[in-house]
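J.: Based on the sequences and whatever the hints tell you, model everything.
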Amino acid sequence: MLSLCAAVDETVSADDDIGAVLRVAVGAGGDALQRTMEDNPLNRAAGVVDAGAYGIWLLLLGALEKVDPRGAARVAMPQLRRPGVAPVQPGAPAPEVASWTGGHCVQYLVTSPTRRPEDLRREMLDAGADSVLVVGDDSLLKVHAHAARPETVTAIGESAGTLEDVVVEDFDSMVAEHERATGIVLRSPPRPLAAISVVPGDGFAEIVRSFYVTPLRGGATMNPSVGEIVEAIREANAESVVVLPNDRNVILAAREAGRIAGTRVEVIETRSVAHGMAALVPFDPMAGATASGSRQDVDTVVRHMREAARDSHAIEVTHATRDTTIGDVAVARGDAIALLDGTLAARADDALEALDRAARQLLERAGDGHRPEVVVLYAGAEVTDEDAERAADRLRETLEGAEVEVRRGGQPHYPYIVQLE
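So for the sequence shown, my numbering puts the first residue at 32; every next one is plus one.
Be aware that a few hints might be false.
As the list claims (entries may be wrong) - Subject to a maximum C-alpha distance of 16 Å in a straight line, what follows is the list of computed EDC-like cross-link-like pairs (lysine to aspartate or glutamate):
{"no.": "1", "residue 1": "Lys97", "residue 2": "Asp48"}
{"no.": "2", "residue 1": "Lys173", "residue 2": "Asp40"}
{"no.": "3", "residue 1": "Lys173", "residue 2": "Asp150"}
{"no.": "4", "residue 1": "Lys173", "residue 2": "Glu41"}
{"no.": "5", "residue 1": "Lys173", "residue 2": "Glu195"}
{"no.": "6", "residue 1": "Lys173", "residue 2": "Glu149"}
{"no.": "7", "residue 1": "Lys173", "residue 2": "Asp196"}
{"no.": "8", "residue 1": "Lys173", "residue 2": "Glu189"}
These are computed hints drawn from the structure, not numbers from a lab. Every value quoted in this text rests on a predicted model; they were computed, and no experiment measured them.
T.: Here's what the structure looks like:
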């Protein structure tokens with residue numbers, strides 16, 4: 032209803048007589064009514080226009096019939112359902128749609144917009160947003176949308192002008208606050224796909240959440256049990272759940288949890304959190320959801336996640352806890368050592384040198400045709416920002432041409448964990 036009213040308000044002129052105003056309102060309202068067929072998951076899945084908007088349009092048409100019967104008679108009735116969609120019979124079940132299981136409400140202003148409101152609105156809908164409203168004039172636009180990834184909606188707005196008064200509200204937090212205030216727990220139907228990632232630090236947990244993935248704390252001496260993984264799988268409330276163990280010692284527990292969890296579980300056997308982070312890049316939280324805007328099914332997303340993990344490399348830098356010999360390399364307690372994809376690649380007096388040697392060894396293995404292009408360095412809990420940047424600079428020098436980003440992983444025991452793709 033709001034989008035139809037906004038379209039009418041943008042079109043009519045207060046200087047016109049009442050007949051002209053109503054004729055313009057009915058025309059603009061009819062066009063806006065057609066667009067409501069794509070406005071939200073229910074309308075889109077059912078292939079029909081919004082009933083409330085249709086009611087408003089009928090009121091306008093009735094007013095026009097009173098003022099200008101001939102003009103009203105010339106109005107073409109709008110198409111109320113998508114071609115090929117049969118009328119819904121009384122008592123028929125509602126169409127299958129994705130339940131709202133999280134996301135954000137995004138609102139902002141666009142000053143001096145360079146794009147038309149309807150173009151912005153269409154792009155946001157095509158990107159998977161719902162409840163999209165874009166209203167205003169050549170000087171200012173007001174945008175409202177619901178989206179799983181709010182940055183998608185803000186990026187579309189930035190393509191049209193400067194954003195002001197940006198407000199992003201987390202629906203999950205709003206629901207949790209409602210549950211705390213009322214004691215009423217809202218249980219949503221299962222969504223098609225969810226993912227769980229075992230992570231060794233608070234920084235990793237925050238990053239994982241930004242992918243709409245549930246973090247499960249793990250790491251040396253504190254890996255999750257089978258029961259904890261099962262609990263996380265069930266709380267994910269999904270028909271299919273991807274589990275990223277991110278440690279060779281967690282893989283068996285993840286497999287067993289998948290066997291007894293009572294739902295479809297796909298364990299991608301990542302042996303490092305770096306491989307797990309690479310697997311998150313193609314993850315689509317809306318995959319398989321009817322009318323979600325996603326063009327991918329669950330199996331396709333899982334396959335892409337496996338491929339991303341397989342095609343990535345991981346460097347983990349730590350310190351030896353005892354004297355030992357690994358392969359042909361003698362390691363003393365306290366030495367800095369670097370593992371490349373789980374295998375000892377370098378020993379050095381300090382972590383930075385071990386990191387550099389492992390990166391050089393990766394280049395030797397990969398050859399010129401497979402040099403890393405994207406590198407993310409995750410700094411450990413004890414690493415300062417200055418040391419992290421120094422390590423990133425060394426990687427930029429060694430891995431010439433690679434894009435190197437620094438993130439705070441917050442992991443203990445490992446000063447540096449590096450994801451290379």
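J.: Is Lys173 close enough to Asp196, meaning Cα to Cα at most 16 Å?
T.: holds, 10 Å
J.: For the pair supplied as a hint, Lys173 and Glu41, confirm whether the alpha-carbon distance does not exceed 16 Å.
T.: holds, 12 Å
J.: Starting from Lys97, check that the Cα of Asp48 is at most 16 Å away, please.
T.: Distance of about 14 Å is within 16 Å: holds.
J.: Does Asp40 lie within 16 Å of Lys173 when you go C-alpha to C-alpha?
T.: holds, 14 Å
J.: Need the status of pair Lys173, Glu189: alpha-carbon distance at most 16 Å?
T.: holds, 13 Å
J.: Sort out whether Glu149 lies within 16 Å of Lys173, counting only the CA atoms.
T.: Holds, at roughly 12 Å.
J.: Would the hint linking Lys173 and Asp150 be met if the CA-CA limit is 16 Å?
T.: This hinted pair holds, its Cα atoms lying about 14 Å apart.
J.: Between the alpha carbons of Lys173 and Glu195, is the straight-line distance 16 Å or under?
T.: holds, 10 Å
The structure shown violates none of the earlier numbered hints.
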